[in-house]
Every structure is written in C-alpha cells, then in structure tokens.
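Participant: Sequence:
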Amino acid sequence: MPVEIVTFGCRLNAFESEVIRREAEGAGLADAIVVNSCAVTNEAVAQARQQIRKLKRARPGARIVVTGCAAQTEPATFAAMDEVDRVIGNDDKLRSEAWRAARAAFDADAFGLGSEEKIAVADIMAVSEMAPHLVDGYQSGLPRVFVQVQNGCDHRCTFCIIPFGRGNSRSVPVGAVVDQVRALAERGHVEIVLTGVDLTSYGADLPGAPKLGTLVKKVLRHVPELQRLRISSIDSIEADRDLLDALANEQRLMPHLHLSLQAGDDIILKRMKRRHARADAVAFCDEVRRLRPDIALGADLIAGFPTETDAMFQRSLDLVADCGLTFLHVFPYSKRPGTPAARMPQLDGRIIRDRAAQLRAAGEAALQKRLAMEIGQVRAVLIESPAQGRTEHFLPVAIEGAAPGTVQAMTVRGHDGARLTV
Numbered sequence: 202m203p204v205e206i207v208t209f210g211c212r213l214n215a216f217e218s219e220v221i222r223r224e225a226e227g228a229g230l231a232d233a234i235v236v237n238s239c240a241v242t243n244e245a246v247a248q249a250r251q252q253i254r255k256l257k258r259a260r261p262g263a264r265i266v267v268t269g270c271a272a273q274t275e276p277a278t279f280a281a282m283d284e285v286d287r288v289i290g291n292d293d294k295l296r297s298e299a300w301r302a303a304r305a306a307f308d309a310d311a312f313g314l315g316s317e318e319k320i321a322v323a324d325i326m327a328v329s330e331m332a333p334h335l336v337d338g339y340q341s342g343l344p345r346v347f348v349q350v351q352n353g354c355d356h357r358c359t360f361c362i363i364p365f366g367r368g369n370s371r372s373v374p375v376g377a378v379v380d381q382v383r384a385l386a387e388r389g390h391v392e393i394v395l396t397g398v399d400l401t402s403y404g405a406d407l408p409g410a411p412k413l414g415t416l417v418k419k420v421l422r423h424v425p426e427l428q429r430l431r432i433s434s435i436d437s438i439e440a441d442r443d444l445l446d447a448l449a450n451e452q453r454l455m456p457h458l459h460l461s462l463q464a465g466d467d468i469i470l471k472r473m474k475r476r477h478a479r480a481d482a483v484a485f486c487d488e489v490r491r492l493r494p495d496i497a498l499g500a501d502l503i504a505g506f507p508t509e510t511d512a513m514f515q516r517s518l519d520l521v522a523d524c525g526l527t528f529l530h531v532f533p534y535s536k537r538p539g540t541p542a543a544r545m546p547q548l549d550g551r552i553i554r555d556r557a558a559q560l561r562a563a564g565e566a567a568l569q570k571r572l573a574m575e576i577g578q579v580r581a582v583l584i585e586s587p588a589q590g591r592t593e594h595f596l597p598v599a600i601e602g603a604a605p606g607t608v609q610a611m612t613v614r615g616h617d618g619a620r621l622t623v
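For the sequence shown, my numbering assigns the number 202 to the initial residue and increments by one for each residue that follows.
Simulated from the structure, these hints should not be mistaken for lab results.
Just to be clear, a hint being listed does not mean it is correct.
[What the hints assert, rightly or not] Only pairs whose alpha carbons sit at most 16 Å apart, straight line, appear in this in silico EDC-like list of lysine to aspartate or glutamate:
#, residue 1, residue 2
1, K257, E205
2, K255, D283
3, K255, D293
4, K536, D549
5, K570, D495
6, K412, D467
7, K418, D443
Build out the structure end to end from the sequences listed, making use of the hints.
Facilitator: In structure tokens, the structure reads:
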C-alpha cells in the first residue's frame, strides 16, 4: 500500500507533507501512515494523539510514524504510545536518510521497541540552512498549492512553542523558489501560496538579504504563466516597501492578507513580546487599504492571554472594526509548557472560552458584512471543486458545473451566510 499522510496544522505542513510523501515512498516505505503533527496548542497535540489511535484501529497492520512540530517538541509523548512505531524530527522528515532508516528498522521487524529507541529527533536549533525541496506536483492535483520559502523563527513570543519545533529562521534562495513556482505553474496549478513560519523575515540569512517583496516581484516577473500568487500569514511590522508596492501594482498578487496581530492592547502585546503596538496594526491596515482599496484582511487573535483584563480584551475586540478585518482565526490561549507565558498568572478557562466566543462572533459579523458588500461585483473565481471556488479576496463561492482548475469571471448575486452565490 502507498504511504498515507495525515496532515495537521499550517500551510507549511501541507507543503512539507508532499515532500514527506516523495521521500518516504522513494525510500521504499510501504503500508505506513505518517502523521505530520502541529504543536501550536495543547488541543492540536491532543487531536494528533486521538487521530493516531483511530488510524491504528482502522489499519492495525500499518506502521505509524509521527513527525512535525509536536513530534519535535514532545517526542517522548508520542514514543510512549503503543500505536507509534517511530518519531522523526521536524528537519529530518524532509531528508531521505530518515525514511531509509525508518524502512530499515521496519524491515528488521523492530516491533516492541522501547520508547527511546523509537525516537529519531535531532537538535532543531542546530539547523542553520534550508535546502530547497522541489515538488513537481501535488498528489491531490489541487488548483491552489503551497510553496515553502522560509522556515523557523528568530523571535520568542512568550506564548509560542513553535520556534522550538521549527528552529531559527532560514530561507530558500530566490532562484530555487522561482524554479519551484515555475514547475508547479507548468503542471497546471493556477494559484501558488508562498508560505513560511515567519514569512516576513524571509531572506535575512541569504546573501544580499533580499526581502519578501523582492521575492514576490521576482516570482511574478520570471513566471509570467502563473495566474495568481498569494502570500500566507505575515507580521505586518516587518512588511517591506517592495511588498507593499507589489500589492498596489501587481494584479496577479491577490488582494488578501492574513496578519499575525494576536492582541489589540499595548500592555498585552508587550507581555506577549510582540514587536508592534496597536497603533502600528491600525496604521498598516489603513495603508494597505489605501494602496489596494478592495483588499480583504484577516488576522490571528488570541483570547484570554494571561493577565488580560476586561478592558484589555475589549481593545482586542475593537481591533476587528478598527482594522477592518474580514477573516478571524481565533485562538483561545493555550498554556504551553516551557514558554514564559505559562509562568504568568493564568485566567479561568471559562473566561478564555467566553472571550474566544465573543471574538468569533465579531469575526462572523465582519464576514457577513463583507459578503453583503460583494453583491453585484464581478469577481475572478478560482474553481477549486465542482461545488466551490474562491474569489481574489479568498471569499468562498458556491458554484455548480464549472470546471475545476479554471478562473472564471462571475457576478455575485447574493450569499447564503457562508459563501457567495453567483
């Protein structure tokens, strides 16, 4: 049987899962399930463990390998599970040697290994370079696919465990990114999403220190056959002038940004060790809306960070309107062992859940407002499946009968509360 990949978490994991599939199958691994895990919250780790048990019940003879951020930060947690046969680190998962070693262990019929013997996890902080991984085409054949251009993070937000799962920031050279995008575009992928852990730190470790905006312009210039380019979550305080210029003038760069804002109160932002103030976030949103008036903005926001008062939370809630946000990704604060925030005075779980619900309600109201504003507009819709597409602004569209993998001009007639209708 082919290798089955189960992916949790971010867009970066989605790209890396395709690399894992290629390397694992190239190493001759068979009848195996690879769980590419996420560590951003305690819930994400729990979901991975639950899924592993479910997978083993469904395929009791399959070998289960766990990798990803949770495997890197908590290898012993997964190695202690009877269902797990091997735990591979976050950098090693992209290397053929790791999968050949896994196959050798399995071929030797190495059942019943002790927990420590299952672990193949190296020191992620020792990784200083990023090898390009060329993916010729996604197995799923989706019209929108991801390209990894950066990994790791040099910052240490007090709530975040991800740097310990991903290591320090490192970038893929511009030429390698261009080659990857060209290969995918030539295979018929219509929209490419550039992705990374801390995307706006791109290039600081490369010769000449090119910025993300430089990369975006190079991709658009050298891959004219690419129809649509999108970028994943960015840190607005690091956005460079070339990126803003591209947003204003390059129509193939989609008018949609997702921002890592996290909170709307300055004291909480300082306690999070973020590098922007509330006014910076509002000013950035005003600026990009001036450059691209129809832009749709999304943001990550954390509800119930330690020490957050009602007044502090209200400033986060107000940020939805003050920044003109359309899409919210709300995280109830999750206490991650080993992070500074875990040692701060914690809020009651009921308060956290209530504040998360309020943020989600504000996000839903903002989305409904944007959906209503779209009525009567003609949008270029990327057909993702026979039943759904996405506008340039990443708004979902209910469709019937259109050919997947095409971009079609459609007039918005209404919406059903969740998707535009045409």
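Participant: Does each hint hold? Answer for all of them.
Facilitator: Hints, one by one, checked against the model:
1. K257 / E205: The hint holds at about 12 Å.
2. K255 / D283: holds (13 Å)
3. K255 / D293: violated (25 Å)
4. K536 / D549: holds (12 Å)
5. K570 / D495: holds (14 Å)
6. K412 / D467: Distance of about 27 Å is beyond 16 Å: violated.
7. K418 / D443: holds (8 Å)
Of the numbered hints listed earlier, those contradicted by the structure are 3 and 6.
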